Amino acid sequence: MVMQLDKDQLLQAYRKMSEIRAFEERLHEENATGDIPGFIHLYTGEEAIAVGVCQNLLPTDYIGSTHRGHGHSIAKGCDIHGMMAEVFGKDAGVCRGKGGSMHIADLSKGMLGANGIVGGAPSLAIGAALTAKTLKNGGVAVSFTGDGGSNQGLVFEAMNMATVLQLPVIFIFENNGYGEGTGFDYAVGGRDITKRSSGFGMPSIRVDGTDFFAVYEAVSEAVDRARTGGGPTSIECMAYRWHGHFEGDPGLYRAKGEVAGLRKNHDPLKIFRDKVRDQIKASELDKIDAEVTAQVDDAVKQARAAAYPPAENLLADVYVSY
Amino acid sequence: MVMQLDKDQLLQAYRKMSEIRAFEERLHEENATGDIPGFIHLYTGEEAIAVGVCQNLLPTDYIGSTHRGHGHSIAKGCDIHGMMAEVFGKDAGVCRGKGGSMHIADLSKGMLGANGIVGGAPSLAIGAALTAKTLKNGGVAVSFTGDGGSNQGLVFEAMNMATVLQLPVIFIFENNGYGEGTGFDYAVGGRDITKRSSGFGMPSIRVDGTDFFAVYEAVSEAVDRARTGGGPTSIECMAYRWHGHFEGDPGLYRAKGEVAGLRKNHDPLKIFRDKVRDQIKASELDKIDAEVTAQVDDAVKQARAAAYPPAENLLADVYVSY
Amino acid sequence: MSTKSYREAIKDAIAQEMRLDDTVVVIGEDQRGGHGGHQPEVEALGGVLGVTKGLWTEFGSERVIDTPITESAIIGMAAGAAATGLRPVAELMFMDFFGVAFDGIYNQAAKFRYMFGGKAKAPLVVRGMVGAGFSAAGQHSQSPYHIFASVPGLKVVCPSTPYDAKGLLIASIRDDDPVMFCENKILYDMKGEVPDEPYTIPLGVANYTREGEDVTIIALGSLVHQANAAADRLAKDGITCDVIDPRTISPLDETAILESVAATGRVVIVDESAARCGFAHDVAALIASKGFDYLRAPIELVLPPHTPVPFSPALEKLWLPDAAKIEAAARKLMGA
Amino acid sequence: MSTKSYREAIKDAIAQEMRLDDTVVVIGEDQRGGHGGHQPEVEALGGVLGVTKGLWTEFGSERVIDTPITESAIIGMAAGAAATGLRPVAELMFMDFFGVAFDGIYNQAAKFRYMFGGKAKAPLVVRGMVGAGFSAAGQHSQSPYHIFASVPGLKVVCPSTPYDAKGLLIASIRDDDPVMFCENKILYDMKGEVPDEPYTIPLGVANYTREGEDVTIIALGSLVHQANAAADRLAKDGITCDVIDPRTISPLDETAILESVAATGRVVIVDESAARCGFAHDVAALIASKGFDYLRAPIELVLPPHTPVPFSPALEKLWLPDAAKIEAAARKLMGA
Ligand SMILES: Cc1ncc(C[n+]2csc(CCOP(=O)(O)OP(=O)(O)O)c2C)c(N)n1
Ligand SMILES: Cc1ncc(C[n+]2csc(CCOP(=O)(O)OP(=O)(O)O)c2C)c(N)n1
Ligand SMILES: [Mg+2]
Ligand SMILES: [Mg+2]
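Residue numbers (numbering that gives the first Met the number 0), protein chains in the order written: chain A, 0 to 321; chain B, 0 to 321; chain C, 0 to 335; chain D, 0 to 335.
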């Protein structure tokens, strides 16, 4: 599997994962200063999913995301400086400060938006898939949903619609074991998201979401199917969330040592490094990490220095006309 | 199976099916006179489901119904005279003329209401099941949903909640092949409602919904499970709708001769008669039919003669207080 | 110009736009009817009341998209499609069903543009029936357009005639914002003159359906006709009325309303959306804040009671505002 | 009497009612938190912001019911349970989520009683957060109580203090009608004197939070405090205000409002629910129709613009009504 991707592609994948890691860990620190408005939900620990998915997509393909959307946004190519400014509520943000962490979007990059409504993305993604199918442009759409979100009616309806209309769409379920503080084992009746999806008549598999290659491979097959008119696929990616549900969550529902164990044994970046050990020198990856750190550093500096939106933006862009 | 029920029970079951048949066929005629306000949706052809289910229930158990609710209401013990008056919009109706055909309800009979919202019943039924579970009164709740309704997000959420909380509830899916004019084969991705339900972690079976005994048996097992703390069950009942979706539907989506074939080969009352041939004389059942016809006749006469609601009822009963 | 029903005018608008623009698609339950049934080549329904009948035969299943009973996915899919290049015309059948499907409009489509910093648009139309008077009972008779109008980013249209229905629907389809298009079901068989060629009526321009001097009556949808009937009766007694049909609630033609009030000083607002926090209250607040100095008398509201819509025709008739109630309100204002 | 936060007052109300009445149950996401996690005996959350923390420890999983993320089923289940013998206190977390779950309230619980001929009741409370000012952006800052108030059969409560929160919540739980209980999230940490024993504040009785002669200011929730701050500043210049907190939108204490207007003749209505068809418009219409003769000046509306709630604090501050804007509106009415 490792071999299907050439070295450039592997480096590119690692860079994206590194960007996500650096972005999130830095936000964790920045948030402690009290300068970030609102809620933020960090993606650390799940990098392999976003990148494993998006490395299969073209810039013209679409993704729909969740409240935990930074990783998806970075993986799909959103500008890190623009994202950072957005999180800080600045006019230079990708949404001009009007969306914030939970609503980062950039349609020009095929990013349909993070979403504050759990289960919101799948129905938007089938819409993007309908566009692709109708315009016959070979496009594909992907939605991200959590294990908690897999209980939301919107999600089931979207899956059914997708099989009925044979839409080029892929439903990614990021099963990180918790929805807020409630366990997957409790909230997901049947405890198997793939069984739900296959009940709607689509191929459904479960993969290790900490392994970039496992995700990449499953999605690659699904994308092929979608692009060639074979309809939707559902992929449940098992992974872990390292931080609290949102920054500030004390995580009382965790076992003692749970997080330390994750960092040690389930680090998607480490796992990636191990798998490419024979092809790529550690120093090359370290160099990427250093570049990325500098990039994120600069993004924070610029975001902090940037101006808040001017008053006239309050009324701008509600409607296209009127 | 036939033998599990004593003769009185069999006669009682037949009487209920006969009542439903007579009620619906008479409404079909009455509707042609133009005197019935609004929409009506007839249940003819599906009698064995409502009766096969409700013969398993106690008066204190609850059911939640659909837009096609006359059969469920009769099977659960609602008063036929009150129902007829309701359909005609009269003050003597079970809902005092405020609900009509699509909203027949009688909580005192355990009938939570017909429902104009497709997929509305399951979440109400899990509520009734929660009451039973919380009060530990051994009660059971049943929801009815169509094949079309099986695509509604509300329904999936209710099924998941039922397994998570292990509620004493039974989800009946009446698969009559169509939702309005759209085929089950088209609208239900995966074409198997039981696979959907089992994806939520509950026992799920498919039975012949024109056979009272098949339905009765499946529900009997499910009710036992529910009453003894074993949680929810889903049962898909395959059946046929003889009339249009609503009265007035020309049924252009039907094959030529489709309805004639149903009446001939898939009549739940005939099937019942055949199965009890050895225990019950045809003349006994004929007598029931005659009594029922007279009863429905009287209900129509009284409903027609009854008064419309008085003006002061317009403002009555919006709130319990204020 | 031909005589067409309100229903035909709506279909006409969609068909003409579909011919002009390949990105216009129709999405909804039973928009064809027959898919998966036993008559594979028949267009069985065209929407449950046949409003879009004929479109499938002309445009086929790729552009007239039959869906399962799945309103959340219909609306969400339409929103996602609109953001990515289509111009969907989605049908909610009865607007009363917004309760199962509002998130895709309320939190998604309506907010995309603003929340994404002006970098997205969502040109979709959601059609649906509103209105009481059909004995359709509590869940199929409501007019939640006041709720839609309260959501920033949504446009809300309520045509009262075949002519307006066609022109406003074409304008809605061409509009780059999400539009809730509210069709009053008791108008479907109403006939009127409708131009054969495509035309638009701008969103946000009210129609003076009658001009007078004494009282301004403001009404939407089928109640415009009740208002006009009341105005006719009043005219016999020398009381003349402006009857204003705003046609669109959002945007609202504030100028037309305030100008009329400036001239008459007396206002009757008729509506069936809600007895509380409804369309009438919105207009009353507009006048009480920006047109107060014109007012010579209290604003009269002719509204249903704060109850669900009752089924029985005997009660439903009492529930609905009608010409007699409008007339009485106007006479009260004239002190007679 | 103790000093308690708004948050504690809410929990207090629920806990006391649960002790008194076995049919009161709490239903919602993460009402305990920890179910299915790795700490089986810990009450991890008590609702996402900890409002109900402590209830699970006292009452256990049978009466504090953690649910999946499934708002339609939460509301529908609560409606069904209420109709059959429980008194559920369901949590929607953020009221903004009503978009995925409204049918169970709008078409079901609110209509049962009327549509079933007076033979059913649905004593449930749906709690949820409303309000901007928390940098929670467009989908977590809304106040759709005007929408709830427009639905016949629903009662709608918006407490502005810890004292009111407890008394109104106990009244809501005991009420036999469905109640939407709207908690303004920026008030959770507000402290105030709260009696220890259970008490009720009747639904439909406004609170005069300040009395004066010149201007009537009407506000709900956190804006009551902005209105009082404005009144304080105005008082320094000899302009005195009635500041009325209706506390419940449905029922609405029309008498209290009209009496105040009769005395002052000048009205400022402040609200954050909607710039169109909102709570303020409702009250303005009431006054313009039933209190017109008392009015000496146009009704002033202090509302957010008709836009989604922007994320950036720089914009959100401009978006929200505040004391300065209220003060300016009152001064305008006083012609100064
Ligand atoms: C409709 C809706 N319900 C509830 C919430 C509150 N909420 C935000 S995130 C979240 C948990 C989501 O869990 P999951 O889908 O597993 O995603 P994760 O946070 O684990 O990535 C909840 C309940 C919401 N934002 N929207
Ligand atoms: C939420 C909602 N969507 C759509 C409708 C319109 N409608 C009423 S009945 C029906 C078909 C239902 O089909 P099915 O569930 O199979 O039940 P059947 O009529 O076959 O008994 C539809 C689409 C509705 N009443 N409610
Ligand atoms: Mg999760
Ligand atoms: Mg069916």
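If you're looking for bench data, these hints aren't it; they were derived computationally from the structure. One should not assume that every hint holds.
Unchecked claim - Dumping the calculated BS3-like pairs for lysine-lysine here, alpha-carbon to alpha-carbon at most 27 Å:
hint, chain 1, residue 1, chain 2, residue 2
1, B, Lys286, B, Lys300
2, D, Lys316, D, Lys235
3, A, Lys108, A, Lys300
4, D, Lys324, C, Lys316
5, B, Lys6, B, Lys274
6, D, Lys120, C, Lys316
7, A, Lys274, A, Lys286
8, B, Lys255, B, Lys280
9, C, Lys118, A, Lys300
10, A, Lys269, A, Lys280
11, C, Lys289, C, Lys235
12, A, Lys263, A, Lys286
13, D, Lys52, A, Lys255
14, D, Lys289, D, Lys331
15, B, Lys135, D, Lys289
16, A, Lys300, A, Lys286
17, C, Lys120, D, Lys316
18, B, Lys286, B, Lys255
19, A, Lys255, A, Lys269
20, C, Lys118, D, Lys316
21, D, Lys289, C, Lys324
22, C, Lys120, A, Lys108
23, B, Lys300, D, Lys331
24, A, Lys300, A, Lys6
25, D, Lys190, C, Lys289
26, C, Lys118, A, Lys108
27, B, Lys6, B, Lys286
28, D, Lys316, A, Lys300
29, C, Lys235, C, Lys331
30, C, Lys289, B, Lys255
31, C, Lys235, C, Lys324
32, C, Lys331, D, Lys289
33, D, Lys52, C, Lys289
34, B, Lys135, D, Lys120
35, A, Lys6, A, Lys108
36, C, Lys316, D, Lys118
37, C, Lys120, A, Lys135
Just so it is clear, the structure is predicted and the values come from calculations on it, not from any experiment.
query: Out of the numbered hints, which ones does the structure contradict?
result: 4, 8, 11, 15, 18, 23, 24, 25, 30, 33
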